[in-house]
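Going line by line, the protein sequences match chains A and B.
Its first residue numbered 50, the first sequence is counted upward by one per residue in my numbering.
Its first residue numbered 309, the second sequence is counted upward by one per residue in my numbering.
Derived from the structure by calculation, the hints contain no laboratory data.
Honestly, I wouldn't trust all of these hints.
To be verified - For lysine to any residue, the following SDA-like pairs were computed, each having C-alpha atoms within a straight-line distance of at most 20 Å:
1. A:89 x B:648
2. B:676 x A:106
3. B:381 x B:666
4. A:134 x B:641
5. B:637 x A:90
6. B:648 x A:137
7. B:676 x A:76
8. A:76 x B:617
9. B:637 x A:89
10. B:656 x A:94
11. B:648 x A:253
12. A:89 x B:666
13. A:129 x B:634
14. A:129 x B:638
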Amino acid sequence: MNSHYKTSKGLHLNYSLITRRIEEGAKVLDLGCGSGVLLKMLKDKKHIYGNGIEIAQNEVIQCLEKGLSVIQGNIDDGLKQFKDKSYDYVILNQTLQSTYNPDYVLEEMLRVGKKCIVSFPNFAYWRVRFNFFFTGNMPKSKVLPFEWYNTPNIHLLTIKDFFEFSKAHNINILECIYTTRAHIRKGLHYSMFANFFAEEAIFIISKD
Amino acid sequence: MLNLENNVGFVSTKYYNIEDKIKFESGVEFGPVTVAYETYGKLNEKGDNAILVIHALTGDAHAAGYRTENDKKPGWWDDLIGPSKAFDTDKYFVICSNILGGCSGTTGPSSINPETKKPYGIDFPVFTIEDTVKVIKKLLDYLNVKSLYSVAGGSMGGMQAIQFVISYPEFVKSAILIATTSRLSPQAIAFNAVGRNSIISDPAWNNGDYYDKPIKPDRGLSNARMIGHITYLCEEAMYNKFGRRLQNKNHYDFNFDIDFQVESYLQHQGQIFVDRFDANSYLYITKAVDYFDPADKYGSLTNAFKDTVAKFLIISFDSDWLFPSSQSKEIVSSLMNLGKDVSYCEIKSPCGHDAFLLEYEVQSKIIKSFLNEHINEVENEQSL
Chain A
50 MNSHYKTSKG LHLNYSLITR RIEEGAKVLD LGCGSGVLLK MLKDKKHIYG
100 NGIEIAQNEV IQCLEKGLSV IQGNIDDGLK QFKDKSYDYV ILNQTLQSTY
150 NPDYVLEEML RVGKKCIVSF PNFAYWRVRF NFFFTGNMPK SKVLPFEWYN
200 TPNIHLLTIK DFFEFSKAHN INILECIYTT RAHIRKGLHY SMFANFFAEE
250 AIFIISKD
Chain B
309 MLNLENNVGF VSTKYYNIED KIKFESGVEF GPVTVAYETY GKLNEKGDNA
359 ILVIHALTGD AHAAGYRTEN DKKPGWWDDL IGPSKAFDTD KYFVICSNIL
409 GGCSGTTGPS SINPETKKPY GIDFPVFTIE DTVKVIKKLL DYLNVKSLYS
459 VAGGSMGGMQ AIQFVISYPE FVKSAILIAT TSRLSPQAIA FNAVGRNSII
509 SDPAWNNGDY YDKPIKPDRG LSNARMIGHI TYLCEEAMYN KFGRRLQNKN
559 HYDFNFDIDF QVESYLQHQG QIFVDRFDAN SYLYITKAVD YFDPADKYGS
609 LTNAFKDTVA KFLIISFDSD WLFPSSQSKE IVSSLMNLGK DVSYCEIKSP
659 CGHDAFLLEY EVQSKIIKSF LNEHINEVEN EQSL
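Chain B on its own, in the form it takes in the complex:
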């Protein structure tokens, strides 16, 4: 039996078709785009109690609740979204959509190109974080959201939250940026590059044209995922999780099969990933993440944030070396120098970058304090 206490219950993914073409940052005009999304809670009459949550690299629109009775796991941020939870669905209208270029319902390279009746493959235009945010804004307009009470995201979701505040400064009242950065370090880009290279060098990738072929670039994609998983953990997390323990054996086998638990874990993560993710989507989305750099685009981070009116909450994790605290602090500094309302917490965790999906208790407390105070303020203003 599923535990539905404080849970949003059963949900289904909905779809919104954007018929008009969307102008991408590259100059390309692209459309139509279908957006997969889920919502929890109710939008109020004024349309100002909405919270947009944005998923990380390989997430989807299913952020909370269950789709069927047989689901083994709830949505990816179920710990934080629901009645009385940090994103309280009794108070707020919570929205989550699948990213542009993804493969979980929103139009991406695996979608059928209406002109050719075949999957786009690498004919899909290269897009940026700014473009992904543009698509989300169209969804919010369609849902009659007049302003966002908050936008929240971790990792790549945090990057999109940053871009959302920059693109639509007046629209956003608060932003919660978790384990994120305003630009990847060269080290993080390097890991993405190896991941992409692993896909591209798989012969089955076939220049992105593999959708109707019997063999898909699963090997390349699963290697990319294995590399990714190394970066989501940290040394301590790996010691805690696996140590040097062997997988179902007491001695080395003196061959090249799997000996260590850590090997087995990575292989498993790689294998289950190919069942739910598209290799081309992985290429496009990691590229968008690599390109993201508002400081470069707007001259400086300070300049990028100058028109924002949102209150910011920034959270990082001390063991996260992929999106290190120093990068969060950089965002904090530029917001402070602008005199913006910003708060920052660094959570101690042995979990590395993954912490943002695991350390939900302390995050809940922090986010709840931040949001509740915020709603009191809005109520006070109304009563004056």
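Same shape as in the complex, but just chain A:
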């Protein structure tokens, strides 16, 4: 599913930001793990015990080639087979916006993971706003290259939306990282500034 969100430079930044935050030997579940690049990085650098879930068969095969443990499945169906708090981290990297039931997926992640890492492109990013404002078309950009009728990104959201969602669902925000092409910022509270300037956000969240 990572292919739904296209930026090679951004992805690598993203992967290393996530990798840095995961402890040595942690148990990690990567939802929508794609071809397994992040999982492989975590395995090599942090010696994690990791599993991936991926819907696309060709991506599953690429994971197998990397020697990863991968389950072909649809995360929209939930994580029924996983026990409560059975993973140190559940990761949903650049996939939230293409799930059918983001609220259910988040709820399931928070049930299974002691901590969850969620990243998504910020739809309130100024370039997106300007694009929409001036062209009157559904915004397209390097990271969101699709047309309205074929985009897999059916539930686009903003940093502000995610803060409001977390508050309404009693989700603890442990850390948030805002990235643009050149900068990385951190914060714990909603900032209008970040919502305007961040191209992408990574949230580390938990729920008791």
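Given the coordinates of chain A, work out where chain B should sit on it, guided by the hints.
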């Protein structure tokens, strides 16, 4: 001319005699047992590059290659076994044996009882999947296999692969379970029961004592096979294969002869089956399949798998209703909960349960990725 490219070539079935009695799960001690088997590729010095492939309900030891120039078809898993194929015989030593109780070379109810000099018939003891696996392990020891690089099987072969990993957890490095289950659904048991009933109610079955009689329970056995074939297909596969087309005619005949192609197909499958299979073997083997239930035997599936060290690859097919994906997922879940290394693929196919013998291209890709990665890992360990 046979196409021998990427093929293991000409092979012959070999036989191994186990002289010692084997203790069956039922408590009965049974022997001697002869095992029919074939091997492809070479065992390395360490004896750790062997892959055991296990056949399904009515298969045999002839998994790959040809026996003679006149063979119409190669072995049953020839698409996957051979040089550069998924089970690459340039790298691995591939072994396949006929199941205990079968009728293609391994001792079964049609074999001669050395004590009475007559076929066992229903004096053959009832055995379980655990017993069939015990026999295979003896063969592997005889062949000097020190550990299995992988064990792979589809359908009933997958059940035996499951049992093999449970019985000999330290011996197996990886397991590939295809279109299989850790226990049959009541629906699947029901179909087996009707099949058995069809054999037993054929007067020619004669309580299993028919080997020297002019008429064999062919009718019962072929009906059992017809029922089986319905379960190996699915609605879509039947539409694709036959639709409602008539067999060599344009109109109904208004009698009880064969009208539809599907009828003709089933009848043909039934007829050719009786030439190669024994009715008593069918009874015994389906019974073993029905009994198989490690979750019940070990308390839970999780408990059954707890000592395994193998890496698992589980494959199911979305149109398979006999061994549905949900049953594969159950195995996946229990392995995940144990923190075992497990991967799972659900292949889209319109072929029903039969898919595991037909959809070889995508299976090859998946199995190859899984096995190749695995061998790299072993090599890395050695170089460290």
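Okay, the hints, checked on the actual structure:
1. A:89 x B:648: Status holds; Cα separation ~17 Å.
2. B:676 x A:106: Holds. Residue 676 of chain B to residue 106 of chain A sits at ~14 Å (cutoff 20 Å).
3. B:381 x B:666: Roughly 14 Å separates the two Cα atoms, so the pair holds.
4. A:134 x B:641: This hinted pair holds, its Cα atoms lying about 15 Å apart.
5. B:637 x A:90: Answer violated: residue 637 of chain B to residue 90 of chain A is near 27 Å, above 20 Å.
6. B:648 x A:137: OK: residue 648 of chain B and residue 137 of chain A at ~16 Å, within 20 Å.
7. B:676 x A:76: violated (27 Å)
8. A:76 x B:617: holds (18 Å)
9. B:637 x A:89: violated (24 Å)
10. B:656 x A:94: violated (35 Å)
11. B:648 x A:253: violated (27 Å)
12. A:89 x B:666: violated (32 Å)
13. A:129 x B:634: Holds, at roughly 12 Å.
14. A:129 x B:638: Since the Cα atoms of residue 129 of chain A and residue 638 of chain B sit roughly 11 Å apart, the hinted pair holds (cutoff 20 Å).
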